[in-house]
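Chains Y and V are the protein sequences, given in the same order. Residues in the first sequence are numbered from 1 upward in steps of one, following this note's numbering. Residues in the second sequence are numbered from 1 upward in steps of one, following this note's numbering.
Treat the hints with care, as some may be off.
So the derived label-pair ranges between C-beta atoms look like this [said to hold, decoys possible]:
#1 P115(Y) / A90(V): 21 to 27 angstroms
#2 A123(Y) / A264(V): 32 to 38 angstroms
#3 A123(Y) / A87(V): 25 to 31 angstroms
#4 R150(Y) / R81(V): 20 to 26 angstroms
#5 T11(V) / E121(Y): 35 to 41 angstroms
#6 E228(V) / T72(Y): 46 to 52 angstroms
Now the stretches of chain Y that chain V is said to cover, found in silico as 3 or more residues with beta-carbon under 8 angstroms [to be verified]:
#7 1–7
#8 11–24
#9 55–61
#10 65–74
#11 116–128
No lab work stands behind these hints, which were simulated from the structure alone. Owing to the predicted nature of the structure, the values given are computational and were not obtained by experimental measurement. The beta-carbon is built from N, C-alpha and C at its ideal position, and this holds for glycine as well.
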Amino acid sequence: MSAHRIRFTLNGAAVDTTVPAERLLVDLLRYDLGKTGTKDGCSIGVCGLCTVQIDGMPFSSCLLFATQVNGTAVRTVEGLSSLLQEAFTLEGGFQCGICTSGQLVAADALLRAKPDATDAEIADWQMGNLCRCTGYYGIARAIARARDAR
Amino acid sequence: MRPFDYLEPETLDEALVRLADDPDDAVVMAGGTSLVILMKQDLIRPARVIGLRRIGELRAIGTPEGNLSLGALATHGALARSQPVRAHAAALASTFAAVATVRIREQATLGGNLAHADPAQDPPVTLLALDGVAVARSRFGERRIPLDALFADLFETSLEPGEILLRVELPPLPAGARATYQKFLPRTLDDYATVSVAAVVATDASGVCTHARIALGGAGPVPLRAREAERSLVGHRLEDAAIRGAAALAAAATDPIADLRGSAAYKRAMAGVWTERALREVA
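Bound conformation, chain Y alone (with noise of 0.2 angstroms):
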């Protein structure tokens, strides 16, 4: 019921907006901000596909309202550079894509917090970005060539 103000930035780009108390940040960015990239799936934290990051790290978009990341830098797959996408598409991340866009997300995290992420912590923060086309092998495969290429 109550509105609030809330000011962060959004891809580098300063956002200045009015919210009710209990607009989520997912809803945010999808419906008042129109950045469809990121995607509300299980809408209770589990599935990974509205993987947004703030401050660097990865986080449920679903799980946040919006008040939450007043005074924090959030980055969605729009504001992904393309060298994780070209990985993605040269090793076969996905196949019907649903999950990609929460997939690039949490690995860019993971590539910022960890360049020298090693095959098992790649594993370790791939774990709750679900994708049912199985395509973990080619997606893990994208994500170290991603690293190697930096």
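Starting from the known structure of chain Y, fit chain V onto it as the hints suggest.
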């Protein structure tokens, strides 16, 4: 999602006053991972949500007076990476790292975890075995609650209306103490434990057990201490018969809830198996 009013106090005192204004219809939010789901599913319908995110002092992790103090707003990720946590017990850091996925660990907090009182959660088990004490404050003062008195029932704590959980304190371990956390995960690595066991032991120079703590998760409506099993070890060498005897006592202490992870009988049997494995790890 039903509409509600959101407050974001800048100080703990202000948060306590706001909560006292409306103890029945207000809820406190730390990370929000559990609260948001409860609200989405309409299981709780708060008129007001009091967000704690601006109260930075509640994030602190350190050893101010000898005890390791873990702030209620410290995230699982921060606790898993914390040098003071690792120095206290590597098993404690790995317990926080065993929760869910990296996304959840960055958002979910220690205080939220404990206040949610999910009996299958990981951190309460290891914190129980480390003799953790919760510290809560209301407008009327501060209260220390040993963790086994904090968990009252399934998803219920003994926190009073108007109280906010501030931190968990862990006393220094006996010299040479060894600790482990064993999580039985037959499905996927990001699942809740079917059962889990934390064990902490210390032995004297001749190998006789002087200190034993065994705690179990997923083994009842609350995280449990297996006190009889603990007592059976003290004064004995941690050899095969003692370990198997303690594991049987630990299994007998459980009161598991049947769910998709197994029947009550299966979980009780697994509690024995994993207690034995935990004790062999630290023996």
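How the hints compare with the structure:
Against the hinted window of 21 to 27 angstroms, the Cβ-Cβ separation of P115(Y) and A90(V) comes to about 25 angstroms, which satisfies the hint. The given range of 32 to 38 angstroms is respected by A123(Y) and A264(V), whose C-beta atoms sit roughly 33 angstroms from each other. The hinted range of 25 to 31 angstroms is satisfied by A123(Y) and A87(V), whose Cβ atoms lie roughly 28 angstroms apart. A hinted range of 20 to 26 angstroms for the beta carbons of R150(Y) and R81(V) is consistent with their spacing of about 23 angstroms.
Distance hint check: the CB atoms of T11(V) and E121(Y) are about 39 angstroms apart, consistent with the given range 35 to 41 angstroms. Roughly 49 angstroms separates the CB atoms of E228(V) and T72(Y), a value that falls within the hinted 46 to 52 angstroms. Judged by the Cβ-Cβ criterion of 8 angstroms, the region 1–7 of chain Y is covered by chain V as claimed, because 3 of its residues qualify and three suffice. Residue count for the region 11–24 of chain Y with a Cβ under 8 angstroms from a Cβ of chain V: 4. That meets the three needed, and the coverage hint holds.
Restraint check on the region 55–61 of chain Y versus chain V: 4 residues with Cβ-Cβ distances below 8 angstroms, three needed, restraint holds. Counting residues of the region 65–74 of chain Y whose beta carbon lies closer than 8 angstroms to any beta carbon of chain V gives 3, which meets the minimum of three for the stated coverage. Counting residues of the region 116–128 of chain Y whose CB lies closer than 8 angstroms to any CB of chain V gives 4, so the stated coverage by that chain holds, three being the minimum.
This entry satisfies every hint, going by the numbered hints stated previously.
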